[in-house]
Amino acid sequence: MQLAVNIVVLASIYALISCGYVLIYRVSRVLSLAHGELMMLGAYGLYATASLFSGHPLLAIGVSAALALAVGGLVYALLMRRMTGEAVLAAVLATIALGIFLRGAMALVWSAQEQHPLELLGLSNPAVAVGPTARISLVALTLVVVTAAVYVGLFAFLRYTVWGIRMRAAGQNPLLAAQRGIGLHGIYALAWGLATFTGGLAGMLIACDSALDQTMLIIGLKAFPAALVGGLDSLAGAILGALIVAAAEVLLINYVDPLLSDVVPFFVLLAMLVVRPWGLFGTKEELDRV
Amino acid sequence: MSQPRSSGYFRTSYAGDIVLVDTRAQWAGLAVLVAGLAVMPFAASPFLLDLANQVLLASIGAVALMLLTGYAGQISLGHAGLLAAGAFVTGILFKETNAPFWVTLPASAAVGAMLGMAFGLPSLRLRGLYLAVSTLALHFIVIYAGGEYETRRGYSTGVVIDPPRIGDWVLADARTWYFVLLAAAAATVLFSLNLLRSRTGRAWRAIHGREAVAEAMGISVHRAKLSAFVVSSTITSIAGCLFAYYRGFVSAEAFSLFLTIQYVAMVIIGGMGSILGAVLGTVFVVLFPYAIEGTMRSVGLAERLSSIVFAVNYTAFGLVMILFLVFEPQGLVGIWRRVQNWFLLWPFKQKPLRGAK
Amino acid sequence: MIRTTKMMLVAAAMALPAAPAAAQDAYVVGLSGALTGPNANVYAPVIDGLKLYADQVNGRGGVNGKPIRLLIQDNQGEPSKAAADVKRFLSQDNVLAVINVSLSSTYAPMVVETRRARVPLFYAGAVCPKEVYPPADELQFCSTAFAPGFDSQMAFRIIRELAKEPVRIGFAAMAIPIARAEMDYAEGLAKSLGMTPVEKQITPPPTPDYTPFATKLKDANPNWVFSWSPWLSQVKTFEALRRIGWAGRYLTIAHLQAEDELARLKDGELYVFGANSLFQDALPVHREIRDAAQKAGLNTPVPQLAEGWIAGMVLEQALRNAGWPATPEKLVASMNNLKVDLKGLRGGPIEWTKTNHFRGTQSYRVYRWDPAKQAIVRVKDWTSFEVK
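Sequences listed follow chains A, B and C, in order. Each residue of the first sequence is one higher than the one before, counting from 1 in our numbering. Each residue of the second sequence is one higher than the one before, counting from 1 in our numbering. Each residue of the third sequence is one higher than the one before, counting from 1 in our numbering.
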């Protein structure tokens, strides 16, 4: 039972991070390898607002989430906007370079010291019982709930709201969408903003559950196979991919060798690429896009 | 094949077209260069000599990556894994069988070739992003294997390797290493230039341009892709072997994703599709952290801010990469050619036509 | 194409300003440490402490009238950078000694280079390798508080004294080779003492969630868990275990952050043991460190500066005994016959001889948080092991 709880928590972490990858890819066909760093920026944002508004945890969380949204839009406006139309590799490298830049900038501003934003917020993280034998920490439970809410929200947004439909259109065929009068730059900025927002949420929650330190970047990278396994342009696929990768990791730790947990996501990824490169729910034509 | 210049260098035969060194002026320049390089280790300080060694060593890997990504157009994010493979083969052979370097070097090359096949097989089905991702996954797996070897065999602090020796003579001195590395780098560059003007190189350029058209022209796309991967990986593995001997030890932590990104940066910043670009990019990326440090020192910040040099390095490196990607997609080679054309065309300060390289 | 390539290279090489030569009117010592990078929060405070002490010494007129010049390079815990740093110290700066404050993966390259140049290598904040135990490698010295072998022996002495029922012991460590080796050793020790080792969990460093590993540990139902690793891994495993409801006793080695973390975790069954005394003992030397840190305006939490301060004391004494002008050989000779009084920062002095570059005796204290008193209490006073 505890195993199932562990899998669900880990899958939620991966899913929340993956929806960022999927959003950006689906809308603008760019793979953002700076997502891990943006996630960490979100967590540091919480640390900053928690120090500023100590005593008002909700305000701190709200401001930090809004900041994440703004930062995403800014990243698009300042950098990715110039990369539209360039080769795929150039755009991906631009995100890698952005990631490196952010990593350095964060170390410059906040130093590499490990931080504990949860204490600054004045909240605690007790263990909650789930059934007779399993326990889960409160923040982890919040994370699961938040992930579910984010996905439901995103599904509803993409299906029922005007902007969501525009985003889907831009993702399917940018040229037609532009000719239809949809402002592509606005759509892309919105996608980046939403992706950074969800990534920032993930970063904040992880920082509250354990701690804010450099390992967060590697978590961001490990979540990437989850997005790919499900299909880089499918949100439903991201959930499924996260579950598969998380299950593989936890079960292998428990029954085979704990040290494999580092490489398991990449083995799963490789297996997927060999069998079905476009993922479980991705669109097949992605294969031929260069 | 030399680039066509803005002023007239007229070719009159095929052989004359693909020759490596064209005019008398170029031969003279080459002679000056060779003389300069030969004299360098005796005139430079030990610090500069070490820097030069680092640049030469890195350039081998960069040229290999340029062949794969710049010419054949196959994106590979697994470069550090290939370097690690070469280094670990050397380390393992040395520790387990005490093999001398004339065994480990070919062995590294062979393992590199095999891994090249492995890294290259996905390229037959995948393209672009997916190919990059598959190479990334393979990189992690190679590093994991190396780390496991280190732990299982008890080399907790890395595998220490003795410097290569022939009989009594030991290759340990920086100056000797300079000449060895210079020879290796020159050999790599010559080999690559020759390969590029041969059938294989032209096949690579064809599949980089348009795969369907290349297939229609009769080029076996699969063979070209695989050969690109295999050649590039072999050279990279050899670089890894040299790296192991130069550093004197092998450890899995030295081959991180950031190392791959640095090599990719060398290729990008140097300018895709040009061996000169690979070398220029290498010089830039290797010297960059030292330049940053030098700047910080001259501004008087070094002592106080020694704890943030790393962060400044990262920030500046990321920034420079972004600037090159956005503003100078042709890299340092593009800048170099513009400068060259300015001198060639002087006093006719004509702007080259749009579209001309 | 080739000529332009190589011409650029030559031009670049000649255009670079020659790096400044070291001013030899000082004791020049090179330090290659993990100022930044994944584990920097462990090593950066040591470097801060050492630098602080060196500045204090220089403010008092230096050693034998000459200042100590610490050349600090950041190797980010990467072996290749460490190798480059050492090469530069040796070829360009002519250092008297090289100090390593970084991960164990950086040891091998630094040993290779310093051995070649016959310059002493001083481990000042990183775990002591077995090469400094008798019979010691001639050029490697260590002043760090924690060390393999003795730590496990002390751990089991503590468990034997405190355990009230048969011990079922679990082990947790980070997947770095030196920690894994120590866990294997500890497991063997446990068996020889009649305890039941039930589970050994090795966690890879970049783990987002320690819960799966903790689950496996908890399922084996230990009543004691011993962890020997970088602090991050130790404390996260502990927190994960508590989150899933394990109520046993956790014993772990006290790293720099232990004093602050005990207060943060507030758990009565978490025992830490270490060779450094706590700042709450408020000895004169603790006040000295606090004042110096305040005057220098350091951000580092003061309790984390002790290790670096100790290294500074050792370095000062070694340089003083080496006299002026000093050479690496004289420094090694001085270090082979060194006794430094640490004024209460540790349980005893640091004594180095020709065959023992660790210390004569290794002493530990044991602490835990007392929920009733809301303070850290000492469970066991200085317990010593002779180093033979």
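Note that these hints are calculated values from the structure, not bench results. Where hints are given, some of them may not hold.
What the simulated footprint calls covered on chain C by chain B, stretch by stretch (three residues with Cβ under 8 Å from a Cβ of chain B suffice, anywhere in the stretch; the number is not a length) [claimed, not checked]:
id	stretch
1	58-70
2	108-115
3	174-182
Predicted model, so just to flag it, every value in this text is computed and none were measured. C-beta: ideal position from N, C-alpha, C; glycine also.
So, going through the hints one by one against the coordinates:
1. 58-70: Violated, because only 0 residues of the stretch 58-70 of chain C bring their Cβ atoms closer than 8 Å to Cβ atoms of chain B.
2. 108-115: That given contact holds, which follows from 5 residues of the stretch 108-115 of chain C lying within Cβ reach (below 8 Å) of chain B.
3. 174-182: As far as the stretch 174-182 of chain C goes, the hint holds, because 6 residues have Cβ atoms under 8 Å from chain B.
When held up to the earlier numbered hints, the structure conflicts with hint 1 and nothing else.
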